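A.B. asks: Model the full structure from these sequences, guided by the hints.
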Amino acid sequence: MVRSDLLEQLAVTGQPCVAVIAPSGYGKTTLLAQYARSTARSVAWLTLAESDVETGQLFQALLRALHAFPELQFTVDDIQTPYEFTTRLLERLADMQGSLDLILDRVERVTRLQGAWLGQLVEGLPDRHRLILAGYDLNGFPLARLVAAGKLHMLTHTQLRFTLEDTQAFMQLRDAAQDPATVHGAVEGWPVGVALACADETTHVELGDLLQDVLDRLPSEVRRALPELALIEEWSESTGSEVGLALPDHWLRTLRQAGLPLTPLGRGLYRPHTLLVDTLATELKRDPLRAAPIHQRLAQQAAQQGNLTEAVRHAAAATDIALLEDSAGILFPRLRSRHEFVLLAELTAVHPAAPPGWWQEYQAVAQIETGQVNEGEALLQNLERAASLGPLGYAALSLQAARRGDFERQLQSADAGLALPESPVHSVLMTQRASALISLQRPQEGLAVCQQMAASAQQRGAVLEEGNALHMQQYALMMLGRWEEQEWALTRARALFVASGRHSSVLQIDQQLIGIHLLYGRIDEAETLLQEAIPVAARNQLVLLPTLLLSKAHLLLARGEFSDAAEAIDTAQAQLQALNLPVLLPFVHFERFDLYSAAGQRELAQEAFELGVTTSTTALLKNLYVPFYQGLQAFDQQDWPRARLALDQAAQHGAEHSHQLRAAALLAAIDHATGATETLHLAAAREFFSTFDAAVTCSADRHRLNPLVSALRGTLPDHPLARLEPVFNTPVASGFRLLVDTQVRLTLAGQDIKLPLSNQLCGSVVPRGIMRWERILWVCRPHSPRRLTSSHTFSFALMTSSAQFPAIPWRSST
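Mapping the sequence shown onto this note's numbering, position 694 (from 1) lands on 695, and the numbers just tick up by one.
Since the hints were derived computationally from the structure, they do not count as laboratory data.
Among these hints, one or two may not hold up.
[What the hints assert, rightly or not] Now the in silico label distances, taken between C-beta atoms and shown as ranges:
#	residue 1	residue 2	range
1	D640	G561	20 to 30 Å
2	G330	Q532	42 to 52 Å
3	E611	G307	28 to 38 Å
4	E562	D637	14 to 24 Å
5	V499	R714	41 to 51 Å
6	A259	V499	51 to 61 Å
7	S237	Q453	30 to 40 Å
8	A226	F75	34 to 44 Å
9	F75	T692	30 to 40 Å
Note that the structure is predicted; figures quoted are calculated from it, not measured.
Heads up, the beta-carbon is just placed ideally off N, CA and C, and yes, glycines get one too.
C.D. replies: In structure tokens:
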């Protein structure tokens, strides 16, 4: 039955994506097949198979679906990431003449990673092309974001279910004797339920019984062979001979004439409905030996076709250990390198016997990366005690130790793995060794390892390995204070990653280059990178978003835009809390300390400093970051001996170049404040800031440097610090923020304050009209609280919108 109203909706091409999402049996595939036959647009169709959850297999399947369009074809042999595949496909779509609808059916089978990738594809599609998705779920697909952006039109079961009129029309076409209203009410407009009711002559409409009645009326020679067909996703008249099943001629026509739920896919192919497949699969499970031969044949076919995911599944079901382990030995490294750990966890669990040690290592890696950390580590430790652990297992243990901050254990595990014969994870183990040495404050040794890795990779033409080695190398160079070499390493690594399509790694490097641009005062370059990087991180790499926001806050602070800087810091902290990354919270607190110090809000600055120290739990932070901020705090208290000691340590051993430069300037300011005749620090500051930009680098210290700057203007006007403009303290307005949405929320210095909201209070902030608020909420806090606790009392007053309270900034997110 043609669904004209739905076809009209599909024909509207205003949005680059249409998602038809509904449970099985709502006619999704049938509707899209009708659309494909009726539209004048070019159509490519891909029905996703279970094997397409492996990304490489999905790439190949998509290109096969686009075989009718030579201009869209390209090789995927050198493609490492979905992003790279997307880029190439979008480039070819942009050059393609005409308009294309790419239909993906059974999209519930995509992984979360692939769902996110499909979202990127939609966002980059040229205007004349569309992606049409059908399934009962969309894992990881950014539905809400695309709907909000006006890029997605959705059809759900609400639109797809039959109306009573549809049921009446359908049953009339089938000459069904049942009462349409009774059938419609029993199945609630479920199209396949209506179809089954028409196929059964009885009056009851229990769907399981209906399907069984239809099956029982089939000829015996057809009925006997059906259970094995549950293992095959698409049926044709030749299916039996292809897999060794004895099926009579025209068996598929018999099923269709009996009224079984089969969706036509074209080219003589039909897809059995899930309800039918589940019924047949239940029958097959009662006799497992019956399924073994067909699993064996399907495993061999899949292996020959390079479909290793299906080869592993069927070989495990057939208990063909040799084929199973041969296929897994090729597939598992590929899944690990592409971070497809959910699929890896699923497949490593199917071994029907005691798996070998290498298999267990992949199983442990998959468990760790999918949240079963304790189980995965226990499995690796058992293998280690049995002297059966290989390089992959040691690489996993080394990584886990690094995540816990146990760098000695990280180094120990990396060295144990490197002592074994060289393996495909040799470069991973070398990277772990270098990382551990750098984290243990042995940068010279770490640098030597990185240089060895980079040289080896360059000799072998391994572009990605060279990029990774240089990226690690720059950390050692940073700790050694070899800043020009660090920037060279970053720039070279970035070029290698761009050439390889590794945009996730490019984003990490851009994050560091932003900091370098700011040191040199290259504000425009830093801002351009931030504008490009923040949206990409928000879509694809949320873990990098907080540090990018902190870089943005630093740039805004350098411009004196304190309120916007505070907002960026607040957002960074919220992101860290959402991602459960407490290890990065000290950077948020210290950035907020700089902001409040620059704004002259000393009590809030003191609170931020204390939080920064408290949350700095690793040796690296305690030894290399905290001393610098202790020096700033002592400077503000005019405790010159303590300030000099801490800042001198930071000037020599600070983990960040900006800290060393700022320390040099502040040491010169201490000399001026104490009347010291020593000019060493002033000379060092001259040397540093002849190259680097003092105004940006020392933007948080301008108030501290004011006396020195004033003196230098009279005595050494050519000194770089003499060119700094004097500053005056400006309170940070956005530290106090009222947000009104579905609830009223107050934040102070980035801290949420609980508000005892009553119904009357909530009602008082509901807008009356579109552009004007009838009333606003006035919240008074205690005078400069040192620490926010639930014991503080806040006063509330309702003021009309004409009241003048310009000093209290507030905003509504509605």
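A.B. asks: Which of the listed hints are not met by the structure?
C.D. replies: 3, 7, 9
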